[in-house]
Amino acid sequence: MTRSFEEINEKIKAGKAVVVTAEEMTGIVRKKGASRAAREIDVVTTGTFGIMCSSGAFFNCGHTTPRMKMQRVWMNGVPAYGGIAAVDFYLGATEVPEDDPLNRVFPGEFKYGGGHVIEDLVRGREVIVRATAYGTDCYPRKEFEAKFTLGTFRNAYLMNPRNAYQNYNVATNRHAKRPIYTYLGILRPGMANANYSSAGALSPLLNDPHYRTIGIGTRIFLGGAVGFVVYPGTQHDPNVERTKGGVPKGGAGTVAVMGDLKKMVPAYLRGVSVIGYGTSLAVGIGIPIPILDEEMARFTGVGDDEIYAPIVDYSLDYHANTGRILGHVSYAELRSGEIKVEGRKVQTAALSSLQKAREIAAALKSWIAEGRFLLGQPVETLPGSERGARFRRRG
Amino acid sequence: MVEKKVELHFSRDLVGEPFISRVVAEYKVSVNIVRASITPDEAGEMFVIMSGRNDAVRRAIRFLRDSGVGVAVESRLFLWDEALCVHCGACVAHCFVNAFSVDAKTGKIAWDERTCVSCGVCIPSCGYGALSLVSRAPRAAKGGRK
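Those protein sequence lines, which keep their order, are chains Z and P.
Those letters in the first sequence? Residues 1 to 395, per the numbering used here, in order.
Those letters in the second sequence? Residues 1001 to 1146, per the numbering used here, in order.
It should be emphasised that the hints constitute simulated quantities derived from the structure, not laboratory data.
There could be a bad hint or two in this list.
[Unchecked claim] Think about it this way: if two alpha-carbon atoms lie no more than 20 Å apart in a straight line, the pair counts; the simulated EDC-like pairs of lysine to aspartate or glutamate are: (1) Lys-1105(P) x Glu-145(Z); (2) Lys-1108(P) x Glu-359(Z); (3) Lys-1105(P) x Glu-333(Z); (4) Lys-1108(P) x Glu-145(Z); (5) Lys-69(Z) x Glu-6(Z); (6) Lys-1105(P) x Asp-88(Z); (7) Lys-1105(P) x Glu-1082(P); (8) Lys-1028(P) x Asp-1055(P); (9) Lys-1108(P) x Asp-304(Z); (10) Lys-142(Z) x Asp-88(Z).
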């Protein structure tokens, strides 16, 4: 049994596509088997919502009178990068104001940064854009300051170079005698807690572990609107250790995504203050997986008990880049609230929202079922795990 | 039996005194120290839950006040703002009375107001500003209430 993107899209247009979420698919495959599931199901929807560094937005504020080639740009006091063109600039999620106290009084609070500016705009709030320039014959203006709302920018694109990591570390603090403040949250000493951040069985790339259907041009749910996978994400690395089922046992694939910020909603795009670390952006992403054949049914049928994540000591091995791990643990165990590490009970906490991941998968499911969202066939799929590729340690 | 969430403020000169031991030994009030920040030669503060017989707790609080300790009873109120919450669960591992839980069915975070002791330990774990402590209006000094 095989079906093509075109066939699935015809069914979607006719309102006849059978769409289920990745969680529902796990149950279906376990009950009926991959072969029958493949015959019955056309599309499986996934979802994830979590803090995703390597996010940001491109803006074009329209030309000023007289014209100006903005060199330095600030949005609500947060520096944006203006070295692109006259009135184009990029605001990164982790950028913070120049007068932020940072970690001088440790742990810093990082109350406001690029991620928050993006959330403010999506909430319909005004943002002050300030710019300076050196002036040229064609762009004489040297200073600019004005209030903008999202609607008054000529263009505003969310453009995230690395999102939706296919699996990730479980972080714990085995070594330090004090709480440590990481991008995976506060880790109390003596491995008092272990934090993880993946939607597990609902996570997009874990449902297409070899990237057979995802690549440049894949249409996705991004921040509550329609967006696209535009390229492999930075640090995309298919050549990692995998389970027999093909599921990476650590961070592996990533996607670069893009979409129209003006259509996004704050429920799926939130600025985050990570104590002691910095600011970031929490992003909601959902990718539809076409069930092209039985193998895709088997892949999307993956459950939390079949996905393993490495436990990493963030008080030593992570920052020293030793590559050492304290073992692997399944997402079913992580979700239970307690895992065992070196024989000790460790409380777990998720940084990725299961509830929002479910909302996203359900929203995408209804968009497709209602014929409002067609699958985008990739022009090129993400680089896959090449046969015989050398296993190498990731930097 | 009553249980009171009490904030204690010790000025520099009081930091060396064993107030808590006296409250326990002399007033038969049990004291659960939720959070304490006391350094010799510096002012300190403590957040405790005092439980015991109603009159015993009242007398213990009067003793502390008479000794010059700043006492604020049930003064802080913890707030969980569900509109800002993304239901991730980062707070769950930071609550030692387990006031937060994850509903396995919905994946939603639930906060049990009755279990919460308003200590505020969880607040830094939330990156979305959904957790906060608000101070209740300070009660007027004894006898000054209208």
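Hints, verified against the model:
1. Using a Cα cut-off of 20 Å, the hinted pair Lys-1105(P) and Glu-145(Z) is violated, with the two alpha carbons roughly 49 Å apart.
2. With a C-alpha separation of about 11 Å, the suggested pairing of Lys-1108(P) with Glu-359(Z) holds against the 20 Å cut-off.
3. For the hint linking Lys-1105(P) to Glu-333(Z), the alpha-carbon distance of about 16 Å falls within 20 Å, and the restraint holds.
4. Proximity of Lys-1108(P) to Glu-145(Z) is assessed by CA-CA distance (about 42 Å); at most 20 Å being required, the pair is judged violated.
5. Distance restraint check for Lys-69(Z) and Glu-6(Z): the Cα-Cα separation of roughly 45 Å exceeds the 20 Å cut-off, and the hinted pair is therefore not satisfied.
6. With a C-alpha separation of about 45 Å, the suggested pairing of Lys-1105(P) with Asp-88(Z) is violated against the 20 Å cut-off.
7. For a cut-off of 20 Å, the pair hint linking Lys-1105(P) to Glu-1082(P) stands: about 18 Å separates their Cα positions.
8. Annotation: proposed proximity of Lys-1028(P) to Asp-1055(P) holds, straight-line Cα distance about 10 Å (limit 20 Å).
9. Simply put, Lys-1108(P) and Asp-304(Z) have alpha-carbon atoms about 18 Å apart, close enough for the 20 Å limit, and the pair holds.
10. This hinted pair checks out: Lys-142(Z) and Asp-88(Z) have alpha carbons roughly 16 Å apart, not beyond 20 Å.
Of the numbered hints given earlier, the model fails hints 1, 4, 5 and 6; all others are met.
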